[in-house]
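So the chains spell out like this:
2 protein chains.
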Amino acid sequence: MNGRNIAQLLFGSRLATKEEQEERIGGFSALPNLGLDALSSAAYGPEAALTILLPAGAAGIRALGPLTLAIVVLMGIVCLSYRQTIAAYPNGGGSYIVAKENLGEQLGLVAASALMLDYVLNVAVGISAGVGAVISAIPSLEPHTLSLCLVLLAVLTLVNLRGVREAGLVFLLPTYAFIGCLGATMIAGVAKAIASGGHPSPATAVRELPHATATLSIVLLLRAFASGCTALTGVEAVSNAVPIFRAPTTRRAQRTLVGIVAILALLLAGCAVLCRAYHIGATEPGRAGYESVLSQLVGAVAGRGVFYAVTMGSIFCVLSLSANTSFMDFPRVCHLLAVDRYLPPEYAHRGRRLVFSAGILALAACAAVLLIVFRGVTDRLIPLFAIGAFLAFTFSQAGMVRHWQKHPGSHRRKSLVLNATGAVATGITALVVVTSKFLEGAWISVLLVGGLVLLFRRIHAYYREVERETDCASTPLVTLDLPAKKAPIVIVPVKDWNFVVQRALRFSVKLSSDVRAVQVVGADIDAGDLRRRWRALVETPLRRVGIDPPRLDIVPSDDRRLFAPLLDYVFRVRDENPDRDITVVVPEKVERRWYHTLLLTHHASVLKTLLLLEGGKRVVVVSAPWYLRE
Amino acid sequence: MNGRNIAQLLFGSRLATKEEQEERIGGFSALPNLGLDALSSAAYGPEAALTILLPAGAAGIRALGPLTLAIVVLMGIVCLSYRQTIAAYPNGGGSYIVAKENLGEQLGLVAASALMLDYVLNVAVGISAGVGAVISAIPSLEPHTLSLCLVLLAVLTLVNLRGVREAGLVFLLPTYAFIGCLGATMIAGVAKAIASGGHPSPATAVRELPHATATLSIVLLLRAFASGCTALTGVEAVSNAVPIFRAPTTRRAQRTLVGIVAILALLLAGCAVLCRAYHIGATEPGRAGYESVLSQLVGAVAGRGVFYAVTMGSIFCVLSLSANTSFMDFPRVCHLLAVDRYLPPEYAHRGRRLVFSAGILALAACAAVLLIVFRGVTDRLIPLFAIGAFLAFTFSQAGMVRHWQKHPGSHRRKSLVLNATGAVATGITALVVVTSKFLEGAWISVLLVGGLVLLFRRIHAYYREVERETDCASTPLVTLDLPAKKAPIVIVPVKDWNFVVQRALRFSVKLSSDVRAVQVVGADIDAGDLRRRWRALVETPLRRVGIDPPRLDIVPSDDRRLFAPLLDYVFRVRDENPDRDITVVVPEKVERRWYHTLLLTHHASVLKTLLLLEGGKRVVVVSAPWYLRE
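So the sequences go chain by chain: A and B. Going by our numbering, the first sequence opens with residue 1, and the numbers climb by one from there. Going by our numbering, the second sequence opens with residue 1, and the numbers climb by one from there.
These are calculated hints, taken from the structure and not from any lab test. This structure is a prediction, so every number in the text was calculated from the model and none was measured. Wrong hints could be hidden among the right ones.
Calculated cross-link-like contacts (lysine-lysine; reagent style DSS-like; alpha-carbon spacing at most 30 Å) [claimed, not checked]:
id : chain 1 : residue 1 : chain 2 : residue 2
1  : B       : LYS486    : A       : LYS495
2  : B       : LYS495    : A       : LYS18
3  : B       : LYS486    : A       : LYS617
4  : A       : LYS589    : B       : LYS510
5  : A       : LYS617    : A       : LYS589
6  : A       : LYS495    : A       : LYS589
7  : A       : LYS510    : A       : LYS495
8  : B       : LYS495    : A       : LYS617
9  : B       : LYS486    : A       : LYS486
10 : A       : LYS495    : B       : LYS617
11 : B       : LYS510    : B       : LYS486
12 : B       : LYS589    : B       : LYS510
13 : B       : LYS510    : A       : LYS510
14 : A       : LYS495    : B       : LYS510
15 : B       : LYS510    : A       : LYS486
16 : A       : LYS510    : A       : LYS617
With the sequences and hints as input, model every part of the structure.
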C-alpha cells in the first residue's frame, strides 16, 4: 500500500473543483455540524449559573428562572440579528467580514482574532469535557486522559478533512439523540409537574440543598448571568458558514439558525422550570458526591433506567463532539484572512475534499498543544472562554448597524433597530463577562486577542513589502544586458572520483568553458586526493575532443569543516568576478526510499541550502542528481 | 547574539585538528571519565546481591563475603585480561576491535551491539537512579522527575560535546569525594570492628533483620551472584578509550585500569566485611522504610552527622554522573563502526571539539527516548542490563586468546592462559546472568542485540551497493557523446509576472534556445493568466535582440492541484524528447530570517524535491533565487 492509497483511504478520493455544489448540505445535516457547539451549551449553561448561585440556597434556584429568561431573550435578539446578517451576506457573514466591511480592517481583525481564540478554546475544552465525562463513568481510564483526548481530536480532524458532507453524517445520530432524549425529559417533566399541581415527586430521590450561606446580591446575579451566557457560544456559527448550504442558500441557513436557537431556548427553559419544580441545585464541582444538574434532572423525571443511560450517553457524545463546530468555522475565518493576506496563502486554498485543510490542521495543532500542556484537563481554560464570542457578537452587530446606515432598503429602519438592540445587549454582556472573570483569566484572552491582531498586521505588512519588491506589473523582460553578459563561471564541488561527479562535470562543461572543480582536503573529510589523477581522468580526454577542461582547485581544511572552506571558495570566486554569474553544480546522490535517505550524507542538501541563503544574487545552484538503484 | 556566538558559548571554540594532542588527558583526570561507571557499581552491586539474599536472613549476610570474594576474583581476572588487551591494541582495543580482528566481523558486530545497548541502558538507568536519589531526599520534586532527568542528560551531553578534557575536569571533584568518603568509612569501620573484637556497636542503631523465609539454596546464591556482577559493568571502558591518554599512552591506560579496579575491589570488600560486622542487610526496595545498604552502613560507622551527609551527597553525584562513561565509549564504538561502514559516515568524524559529536548526540537521543517512555523511572530496565557487558567481555577475551595464537611472543603462553581463564569465567557469568534474568527481561536484550547486528549488516550492504554503483575507479571522463548531445530543453514554471520570474527566464534563455514557460491555471491557484500579455512582455522584446523567445504553455488544473500538472508536463516533455536533457529552472524567493521563511509558500522547495525524487536521470533542477529585502 503506497502513500497515495493511504491518503485515499483516510481522506477519500480527491474531489474536482466543479463538484463543490454536491458537497453542500441541507438544514437537516447542517444542524449537527453547525449546531453542536450551541446545543451542547444546554448541558453546561444552566449548570454554570447554578454553581455560582449555590451559596444562595433555595433562593438561588428560584433566581434561575428569571436568569434563563434573560439569557433566552438575549439569545432571541442575537438570533434575529444574525438572521439579518445571513440575508445581507449570502457568501458568509462571519463577524470578520461584517466588522471589516462596515467598521474597518482593524476592528475586523479584532473580531476575527476573538473568534479564532474562542474556537481553539472550544475544541480543547469540549474534548476534555467529553473525555472527562467518559472517565467519570469508567475511572480506570484516568491514566489515559491525554491519549484519549488526542485520539478524539485526531478523529474529529480526520472526519472534517474528509469534507463537510461526511462530517454532517457522522454527527447526525448523536445530535438528534441528544435533542430527542432531553426534549422527551422536558416534556415528561413539565407534564408531571402540571399533573401534580407544581409539586411532582421525583422518580429518584433528589439531593438536599445545602443551607444558604449568602444572600442573593446583584453581584452574585451578574456573575451567574455571565456564567450562564456561555450558553450563547456557537450561535454565530451558521452566519459564518452560509456557503456550505445547498440552494436556496440564504433561506436554508436562516431556517437552520432559527431551528438551533429555538431548540436550545426550549431546552434551557425546560431546564429552568424543572430545576425549580424538583428543587434541583448544583453540587460542588470537583468534590466527592458531585453530580451534574442534567443527571439529577433526568434521574428525577425518569428514574435511573435505560432511558437515563441513553440520555447521559448522548450528552457525553454531544459534549465531546461540540468541538466540531469550531472545525467548521475556524478554517473559514483563516481562509478569509488569507484571502486578505493576513495569513499565508496556504489557508486560502481548498484541499482534496474541498475543505480548507490548512485551517483544519492549524486548529487541530493549536488544540493539541493546549491539551498536551494541560495534560487533557482544561478546567483552568474555562474563564478564558466566551469572551471571544461576545466580542465577536458585539462587533458583528455594530457592523450591521453601520451596514443599514449605508444601504437604504424597505425594512431598513426595523433592521437597524434590531441590530442596534443586539449590539447594545451583547456589548453589555461582553462587559459583564470580562469584568466578572477578569482576574480569573479573562485578561489572558484580552492579551491574546491583542497579540493575534498585531501578528496579523505584521504578516500583512510583510506580504505587502514582498509584493512591492517583486512586482513588475507590465514591465517587459528587459533584454539590453542579455547579449553582453559573459557565460557563467561554473563551480563543481567534488569529493572523490565517481559516476556522480562525472555526470556533474559533463553537465558543467556544456554550460560554460570556465569550469572549476574544487576539492576540500583535510583530516576526517575522507577525500582521496585527485591532483595526481586529474590529468589522466579529465584533462587529456577532454582536450582530445576539443573542450577546455575544468581546472581542479584544492582547498585545505585544518579544522575538519567541509562547508566553510567550500563557501569561502565560492564567495572568493564571486567577488573576484563582479561581472560574471556563478553557477554551482552540486553532484548529488538521490535515493527514493526514505530509510535509505537516512543513510546518505546530506552534504549536497546542506550545501545547496547554504548557497541559497548566503550566495547572493549572482549565484545560481544546480542539482545534478544521480539516481541510485535504478 | 547570533548562532555562531551561541555555539561558541555552549561548546567552546572550534579546535584545529592538530590540537588533538592537547586534548588528551592523564590518568588522574581520566579516572573520573572512564571510572565513574565502574566505581558507581560499589553503590549498587552489594545492594543488588543482598536484596536477592533477603529471604535467607542472617545466613544471606554471611554469604555476602564469599560472593564478594568471587566477584572480586572475577574482576581481577577481567582486569588482567584487559591490561593485556590495552598493550596489544594501543589504538583502542574495545571489544568490537578485538572480536572483529580475531573472531571475524560477525562476532565483532555482536560484541559492538551488546556494548552499545549496555551503554544506552547505563545512561538511562544511571540518570534516573541519580534523580531518584535526589527525589527521595526532596520528595516535593517528584512531579518533575522526567524534567530533572532530561536536564541532567542535557548537561552531560553538553559537557561531553565540549571535549574530553573539560568533561574530566567537571567530574573530578565528585568522583574523588566519593572515593575519599567511602574509603574513610571502610577504614574507620574495619578499625572499629577489629578494636571491638569483631562486634562493633553501631553509631546509629541498625535495623532488625527479617526472619529467614528460605534456605540458602544454590539457585539463590547464583541469582545473588548474577545481580552482584553488575558491579563489573564499566570495567571495559578504559580499553576502548586508550587514545584519549597522553603519552606514554599504553602505560597510562593500564595504570588507570588497575587503579579503578583496585579501588572498586577495596570498596566492595570493605562493604562485605562491614555488612557482616554490623549485621546490615538489604531492605525491601519500593516499600515504606526502604534504606539503601550504603546509607545504613555509613550511618552505623559514622553516625548521621555532616560526614554522613557529605558521603551520601557524593554517592548521589557519582550515581547520576556514572552515565558519563557511556558518553566516553559509545561514540568511539560508533566511530569504529562508521569507519567500517556499518553506520553512516557522520559517526566517523570528529566535531568542533575533536570528540565524535554524532555519537554523543545519538546516545543522548536514545537515552532521552528511554527516559521519556518510562517517564524517568527506569527500574524495569535493570534486568536488561549487564548482559551486554558480559557478552562483550566474553567475546573480547576469546578474541585475545585467538590473538595470542596468531602472534607468538615472549609472554605468549602466560597471556594466552590468562585471557582464556577470563573468557571462560566471563562466559560462564554471562550464561548465569542471562539464565537467571531471562524471563525478567534478558530476552529483550538478546533480541535487541540480534536486531542491531542485522541493522548494521543491512547498512553495510547498502553502502557496498552504493559504492559498487557509483565507483568508476580510474575510468576517465568519457567524452565521445558530449559534443553530439543537443542543448537541453529548459522548462520554467511561472506563477505570475514578477521580478523573480523575469530573472529565471533571463537565466534560461542563456542556457538554451528551447525554453518553455509553463503556467498552471485553475481555481484556488491564484494565477493571473499570462497568455494575453506574453507577446508584449516576453516575445517582442526578445525578438528585438535576436533571441528565440520562450513559448508559454498553459496547463489546466481542475482539482486545485499545483504540482501534479507541473510534474506531468515535465515528464511528458522528457518522454517526448528521449535524446534531450531537461533542465527545470525554478524561480524561488529567498528570505534569510526563519520566521519570514514561514510566511513564504514553499512551492519552489517542494517542486525541487519532487523533481529530484521523480525526475529521473535526464532532469536537472536549477534554483534561480531572488533575494528579498537586500
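Checklist entry - Quick one, are B/LYS495 and A/LYS18 close enough, alpha carbons at most 30 Å? => result 22 Å, holds
Checklist entry - Within a Cα-Cα threshold of 30 Å, do A/LYS495 and A/LYS589 meet the stated pairing? => result 12 Å, holds
Checklist entry - B/LYS495 and A/LYS617: Cα distance at most 30 Å? => result 20 Å, holds
Next on the checklist: Hint check: B/LYS589 vs B/LYS510, CA-CA at most 30 Å. Holds or violated?
Outcome noted: 21 Å, holds
Item to check | Distance restraint between B/LYS486 and A/LYS495, which requires alpha-carbon spacing of 30 Å or less | outcome: 28 Å, holds
Checklist entry - Straight-line Cα separation of B/LYS510 and A/LYS510 no greater than 30 Å? => result 12 Å, holds
Item to check | Distance restraint between B/LYS486 and A/LYS617, which requires alpha-carbon spacing of 30 Å or less | outcome: 29 Å, holds
Checklist entry - Does A/LYS617 pair with A/LYS589 here, judged by a C-alpha cut-off of 30 Å? => result Answer holds: A/LYS617 to A/LYS589 is near 26 Å, not above 30 Å.
Checklist entry - B/LYS486 and A/LYS486: Cα distance at most 30 Å? => result Roughly 21 Å separates the two Cα atoms, so the pair holds.
Checklist entry - Would the pair A/LYS495 and B/LYS617 pass a check requiring their Cα atoms to be no farther apart than 30 Å? => result 20 Å, holds
Checklist entry - Going straight from one Cα to the other, do A/LYS589 and B/LYS510 come out at no more than 30 Å? => result 27 Å, holds
Item to check | Distance restraint between B/LYS510 and B/LYS486, which requires alpha-carbon spacing of 30 Å or less | outcome: Given that 30 Å is the threshold and the Cα spacing comes to 15 Å, the pair holds.
Every hint, counting from the list given before, is met by this structure.
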